[in-house]
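Same order as they appear, the protein sequences are chains A and B. Going by my numbering, the first sequence opens with residue 11, and the numbers climb by one from there. Going by my numbering, the second sequence opens with residue 32, and the numbers climb by one from there.
Source of the hints: derived by calculation from the structure; they are not laboratory data. Each hint should be verified, as a subset may be incorrect.
[Claimed, not checked] Below 25 Å or equal to it, Euclidean Cα-Cα: the simulated DSS-like pairs (lysine-lysine) are:
#1 A:K124 x B:K35
#2 A:K124 x B:K80
#3 B:K80 x A:K81
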Amino acid sequence: MNGVDKGRCGEDLAVAFLLDRGYRILNRNWRVKSGEIDIIAEINGWLVFCEVKSRSSLCYGSGAEAVDGRKQQRIIRTAMLYLQRYHRFNNLCRFDVIEILMSAPDHPELRHIKNAFGA
Amino acid sequence: MFAKTIGAGVFGLNGVLLTVEVDISNGIPALDIVGLPDTAVRESKERVKAAIRNSGYEFPCRRITVNLAPADLKKDGSGLDLPIALGILAAAGQVGEVDFESIAFVGELSLDAHVREIAGVLPMAMMCREQGVKAMIVPAGNAPEARVVDHVRIIAVDSLSMVLAVLRGESQGITEEGDATPPGAVNRTEGKTDDFRDVQGQFAAKRALEIAAAGGHNLLMSGPPGAGKTMLARRIPSILPPMTMDEALEVSKIYSVAGLLGSTGALMSHRPFRSPHHTVSAAAMAGGGRIPRPGEVTLAHHGVLFLDELPEFPRQVLEVLRQPIEDGQVTVARVSSSYTYPSLFMLIGSMNPCPCGFSGDPSHECCCSDMEIKRYLRRISGPLMDRIDMNVTVPRLKYEDMAGGHEAEPSSVIALRVSAARERQSHRLADTRIFCNAQMSHRQLQENCHISSEAQSLLRAVFEKMKLNARSYDRIIKVAQTIADLARSEEITAVHMAEAVQLRLSIAR
């Protein structure tokens, strides 16, 4: 399994997790020039922009740590483009981070950080 | 969703009321503060967020815009945390119906939602009274100073949740302990200060200090090391007259803005005594900084500025004193704005007569060359010397004086004479905004001082003989007036005038 596959696998896990909790998935890997949003979901009128970070060990720090200020700005810029494209500027918005630690192959640990950051 | 609260800031020495407008809308969650906030205000974002969460309320995950009006005034300090937090809670509909028009909030928030003390609450409360704001919520530690102001209901709080309880009518805040504004607070603290009783001999110097304290005049003491110059100066606070209510308010305002008021006292109870070290910078002396803060001359307002070892001060720092001494105020101009601070102080200086210290001493040989002495004395410029009303020599004590065992006059006795003299002055100057002889203008001098014809002719003779200037003329009369006040005389007689002339012209250097 290479890096891309691992990431893909983590995102699948995250999608399953969100669906399980009643989220409606609108887009996956929504990509424009300025960046990409892993999952765009909707629940109770809130538009949720989700960043998924997978790690197989903690050698390089936790997944959530990797979403630093620069990454946040990139996601926020991309989210603005999304809101503009679909005329949803007046929607309630939220930015979540889902980190997945796959230290053992069968026991992925998943952590959902709601409203992780804002502009 | 929109809400408006009232906060307060400080501009120079005056409070200003600021309007904090908060708008919450949907969209990407963000908290933006506009309206010229400086760093401390911009950082309040994080404190407000944490404080709201940690007091059990919800920080709205929306787009929040905070506007501080008037928009053209630079906002500094952390006192806006509280009005911003309340504006956000109100706009999010978590406060209920509150009349935010009649209540002002000041205070810094900690991350655990405690309300911390800030500087400058006294002038802010004064501005609330002026603008008709009925109530003010302040940090508990600032409540004593705020309660000095009447007609404004002061509510002391220690946490954000207490503020909300007060707004819901469930709490009265922290009620005051004891009497917050005892009129007696304007009195001197007794017993703690050094006493003139400990100073043997030095009658000329003591007499000069008594006159200086009574009239607010400037004095320079000169003498060999160890003669007791610093010892004498340290005892000046013990004979200064008590402050009037107006003086105490002015001084307290300055100390409130400088953050030096302390939480114990409501008002400054005794006159300030400032003795900056001679390494002080010009900006620290006059007031300065990008957003100017009051300097030593302002902190010594209505009190004493004591400069020990006067010639050791950098020339630039001494020259900075010229305007404050003459005008009683100092204007600090910066690109953004200019601030005027009051600076009516009495200057007390001390110095040695020469680098080795023994020039003019009968029992020691001075080992300095004429050139060295000249250079040493030149460090104090002529214009500055011209502003010093009295020169007095503090000689080395003789053994009999020192070990005589008889107790010198205690400060309390001197203080009585000084207060009586100051009372005569304030009675005479009742219609004006000044408090002592040294503050009289030339016109007030002519209106208020009655000089006997003998004294007149004495002064004329001295003026012509010594080629005095106009400033010397005014200053001699002011000192003579104080001497007359100490002697309970309605008129300045030749004796009073002679002493004033002698004090001014004696060469202490």
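Here is how each hint holds up against the structure:
This hinted pair does not check out: K124 (chain A) and K35 (chain B) have alpha carbons roughly 30 Å apart, beyond 25 Å. Simply put, K124 (chain A) and K80 (chain B) have alpha-carbon atoms about 16 Å apart, close enough for the 25 Å limit, and the pair holds. The hinted pair formed by K80 (chain B) and K81 (chain A) meets the criterion: a straight-line CA distance of about 22 Å does not exceed 25 Å.
Hint 1 alone, counting from the list given before, is not met by this structure.
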